[in-house]
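Undergrad: One-letter residues, chain by chain:
2 protein chains.
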Amino acid sequence: MVMSSLTEGILLTDEYQLTMAQVYFRLGLHERPALFEFFYRKNPDYGQHQAGYCVFAGLDPLLDWMEGARFGEGELEVLRSQKTRTGKPLFAADFLEWLGKNGSFDGLTLKAIPEGRVVHPQVPLVAVEGPLAQAQLLETALLNKLNFETLIATKASRIRDVADHATILDMGLRRAASGAGNAATRAALIGGADVSSNVGISYELGLQAAGTHAHSLVQAFIALGMSELEAFRAFADIYSDNTTLLVDTVDVLESGVPNAIAVFEELRRKGHQPIGIRIDSGDLAYLSIRAAQLLDAAGFKDVSIVLSSELDELVIWQVQTQIQQEARRYGIDADALIRRLIFGVGTRLVTSWGQPALGGVYKVVAMQDGGEWKPAIKVSETVEKVLNPGHKTAWRLYDERGSATADLITLSDENPASEPVLTLRHPFDGAKSRRVQTDKYRLETEGANLLETSETDGARKKGTFTLEPLQSEVWNGHRRVNGETLEVWRKRRQADVETLDPGVRRLINPHTYHVSLSQKLWNLKNQMIDRLTGGH
Amino acid sequence: MVMSSLTEGILLTDEYQLTMAQVYFRLGLHERPALFEFFYRKNPDYGQHQAGYCVFAGLDPLLDWMEGARFGEGELEVLRSQKTRTGKPLFAADFLEWLGKNGSFDGLTLKAIPEGRVVHPQVPLVAVEGPLAQAQLLETALLNKLNFETLIATKASRIRDVADHATILDMGLRRAASGAGNAATRAALIGGADVSSNVGISYELGLQAAGTHAHSLVQAFIALGMSELEAFRAFADIYSDNTTLLVDTVDVLESGVPNAIAVFEELRRKGHQPIGIRIDSGDLAYLSIRAAQLLDAAGFKDVSIVLSSELDELVIWQVQTQIQQEARRYGIDADALIRRLIFGVGTRLVTSWGQPALGGVYKVVAMQDGGEWKPAIKVSETVEKVLNPGHKTAWRLYDERGSATADLITLSDENPASEPVLTLRHPFDGAKSRRVQTDKYRLETEGANLLETSETDGARKKGTFTLEPLQSEVWNGHRRVNGETLEVWRKRRQADVETLDPGVRRLINPHTYHVSLSQKLWNLKNQMIDRLTGGH
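Protein chains in written order, with the working numbering: chain B, 1 to 536; chain D, 1 to 536.
Source of the hints: derived by calculation from the structure; they are not laboratory data.
Keep in mind that this is a model prediction, so the values were computed, not measured.
Honestly, I wouldn't trust all of these hints.
If chains are identical, the list can't say which one is meant, so a pair holds when it fits in one copy or spans any two.
To be verified - Below, simulated DSS-like cross-link-like pairs (lysine-lysine); rule was C-alpha separation at most 25 Å, straight line: (1) LYS42 to LYS432; (2) LYS520 to LYS374; (3) LYS385 to LYS88; (4) LYS42 to LYS301; (5) LYS270 to LYS83.
Just need the whole structure built from these sequences, with the hints factored in.
TA: Pasting the structure below:
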């Protein structure tokens with residue numbers, strides 16, 4: 001990635017990362033191996049509805065950014081200009097010299113759960129290992145990129161769930177946060193959108209952008225003394241094989257749909273097949289039914305109806321439900337109508353309406369001392385906020401039907417498959433635990449989850465219980481371990497969502513998916529809490 | 001601005017802008033002068049609380065982007081690759097040739113309300129005039145940049161209002177949408193934040209970034225067998241004149257504050273003045289009071305207390321209120337304690353928690369035909385969504401105390417000061433209107449609002465009523481008319497907020513500020529609605 005300016009490179013960070021790095025440098029701790037983990041604490045809660053899982057996204061853009069981020073002369077000059085309150089340089093010359101030589105992410109190793117996978121609270125999604133100062137300097141950008149794309153991919157996955165097989169068009173660019181439009185589009189496409197209106201990033205991801213037309217086309221024609229019909233005809237003349245007409249600039253049923261049908265008939269006479277109409281305001285369910293009546297009567301039963309206007313998973317669900325209740329009264333087959341709908345989703349997708357931040361954190365969980373990893377912890381009055389300490393591994397357990405039944409966090413030196421009975425402890429409720437007989441479990445090879453999902457999926461369906469390691473190496477000291485494509489991320493999400501209990505996928509009040517600690521990790525955590533707080 | 005890639009330049013747009021542009025090209029309408037306006041319909045509603053005004057931001061970044069955005073060979077190649085459903089090229093060679101030669105924003109003129117000003121619903125904030133195809137192509141990027149920064153500057157202004165004179169530190173970068181961190185920081189600094197943790201963009205805006213340290217510093221020390229006290233001491237040794245210590249990694253009152261005081265005493269012995277402590281969790285009001293007790297007893301009455309953790313205007317208000325109620329019980333002067341607070345605001349500022357999108361729109365309102373402007377309209381079943389048609393001017397009326405009393409939208413050929421009595425019509429409620437005697441009003445010279453606000457402010461306080469034109473030219477065919485600085489934007493906001501009725505600034509259920517149409521514009525709008533809908 002080419003950095004366009006000082007503001008998008010390694011200085012896209014919080015000041016305190018730099019001041020802390022200088023402390024570590026001064027104490028000779030800056031190159032001490034440290035382990036940081038990225039995880040989030042709670043699935044999004046949108047108010048009236050809640051997510052039961054997340055879809056992990058944003059990893060490839062993070063690695064791309066890491067490749068180009070380093071302290072050049074420009075960045076060092078910014079730091080040289082910073083002063084203390086008494087006017088002295090904030091950063092010393094020897095520290096800046098070290099930063100110039102070592103201020104990049106070359107020394108780090110990242111293990112991560114692959115992009116597109118379904119993920120759960122508390123589970124480490126990324127483990128960053130390497131020199132303390134470098135690992136600390138990665139925090140802000142990592143959080144910025146992973147939190148947001150995971151949030152949006154999750155929202156898209158929920159919309160995908162409710163829309164079933166209907167096409168979902170992301171058209172949120174104009175309402176995305178300034179600068180975040182491409183990340184939002186990318187995450188939407190990973191999470192469940194089929195196609196996007198956003199031209200540049202769609203191309204980069206190997207898709208062709210899609211769209212219809214705006215009200216302004218019809219307005220401009222009318223202002224110039226022409227009509228909606230003439231605007232539609234002009235559009236259809238040029239896009240004879242790609243005609244979707246926006247029918248609500250004047251009046252959907254009195255003007256828009258009749259004019260669209262007139263133009264569709266002209267197209268049909270010339271041997272072209274119109275694609276659809278779009279309705280962007282009003283009672284979308286009612287207008288769909290009435291528009292379908294008119295289209296059907298004119299012999300356009302295959303023409304799609306694109307709906308847009310503040311859609312999200314609840315609004316789509318409501319539209320479908322209202323059609324189910326109301327269509328028959330108008331002689332329309334509700335199921336057939338629902339199958340011809342296309343959903344254009346914007347604002348509420350790209351802002352994750354109701355929960356606009358994921359709140360994932362990046363915490364140091366271990367430090368090396370004398371060649372040995374020492375666990376680090378942070379206690380808190382809020383029990384969910386106490387860290388899970390130490391060098392850890394994340395696993396997923398599947399039952400014999402291939403359903404994901406729990407995620408398990410163990411210490412890295414544990415092999416959960418080697419113990420006859422595995423105790424799964426609730427992360428912070430000491431009264432809750434569950435036992436699993438591991439002799440039934442087949443251990444999946446590390447990295448299997450990087451394969452085409454169809455293969456791992458197949459392996460899991462052999463009637464065996466499976467214990468799958470979730471993380472694999474994605475960055476090794478210099479650069480990305482491998483490049484992946486949108487198709488892989490999408491397939492992974494699809495396969496993972498299918499392993500979830502339907503209760504976990506429920507839109508409202510979903511089942512809580514089990515995330516557990518091994519007995520050994522549970523013991524370590526509680527010993528450390530006691531030691532730090534004196535048992536109180 | 002240097003474009004880093006195809007995805008950040010002129011292809012940061014919706015597909016339909018390009019397909020519509022080709023329609024205009026094919027019909028020979030692409031260079032027909034058109035007028036588009038950007039405005040928003042409703043102030044943000046955050047759920048339990050609502051904004052009574054917005055602060056306009058994002059203009060300078062938009063103009064900066066416009067300077068670099070154009071169709072080069074790479075962009076044209078993307079369009080050449082696009083196909084219709086039947087595999088033919090979507091865009092014709094002659095259109096692409098025109099785009100290559102004319103596909104930039106050089107032909108446009110933009111008039112805008114200056115950045116940093118208080119703005120209101122329905123009022124055109126930006127008017128874009130020029131060739132239809134170019135004006136259409138600007139839509140997506142303009143909405144993306146202006147909607148978001150206005151939303152965040154507005155949130156920051158509310159936080160500024162409630163925080164009174166306390167320092168506000170923006171620390172939201174990690175929780176901002178991926179790619180939007182710099183825009184969020186910029187808007188926060190315009191809207192009310194004093195300083196930001198975001199290093200690169202702060203430097204670019206002429207500020208030094210600020211920060212404290214993270215929990216990880218203390219955690220790392222403890223993991224290595226050292227203590228919180230040693231971590232604090234290491235930090236203070238290096239930043240003797242800039243020491244703010246995070247006191248909640250172990251236990252605020254039992255460990256953090258006593259350790260901070262020990263280090264502050266060491267600093268004091270060496271002749272340094274510590275800056276503060278930071279509390280990032282727990283009951284912030286209670287912990288502030290108790291920390292103040294300990295600090296005061298040790299003689300550190302001037303040390304600041306930085307509060308962070310999901311702060312927004314309501315949480316800050318709650319903290320202040322609780323301190324007012326509870327401080328006396330602990331022998332602490334509530335007002336003095338509130339004066340020493342600093343607010344670190346993150347997630348809820350940079351995501352505009354509760355209302356994560358502004359929903360501003362960009363609509364064609366007039367087209368030139370035979371050298372004459374023809375008004376354009378869009379009707380809607382929702383009366384607030386009916387466009388105000390025609391070539392228009394926006395004004396602000398101040399009463400003799402210098403208070404803003406209404407914004408007025410007129411047609412461009414009207415001079416509201418020349419009529420003895422001005423009728424202010426409600427934008428869509430025909431029953432509501434108000435009359436103003438204009439002979440008392442002094443017309444402010446156009447562009448006065450671009451001056452240092454102290455000057456215009458002074459002019460308004462002469463006991464006269466003032467009628468101020470709000471828009472001025474910011475882009476003239478090629479590039480920005482003038483560059484401005486953060487200081488100007490901030491002063492403008494400050495001056496404008498002071499002209500608002502306190503009821504409009506209220507956090508919850510604010511007064512509705514009057515935005516009115518002139519009688520002539522009202523008549524035009526209603527005639528056009530009748531003509532288009534046949535009066536129904």
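Undergrad: Classify it for me, LYS42 with LYS432: is the Cα-Cα distance of at most 25 Å met within a copy, between copies, both or neither?
TA: Answer is within: at 18 Å inside a copy they meet the 25 Å cutoff, but 48 Å across does not.
Undergrad: Is it within a copy, between copies, both, or neither that the alpha carbon of LYS520 lies no farther than 25 Å from that of LYS374?
TA: Answer is within: at 15 Å inside a copy they meet the 25 Å cutoff, but 76 Å across does not.
Undergrad: Quick one: LYS270 to LYS83, C-alpha cut-off 25 Å, is that within a copy, between copies, both, or neither?
TA: Between copies, since 20 Å is at most 25 Å while 73 Å is not.
Undergrad: Since the copies are identical, ignore which copy is meant and state whether LYS385 and LYS88 lie within 25 Å (CA to CA) inside a copy, between copies, both or neither.
TA: The answer is neither: 38 Å in one copy and 57 Å across copies each exceed 25 Å.
Undergrad: When Cα atoms must be at most 25 Å apart, do LYS42 and LYS301 count as within-copy, between-copy, both, or neither?
TA: neither (45 Å within a copy, 39 Å between copies)
The structure shown violates the earlier hints numbered 3 and 4.
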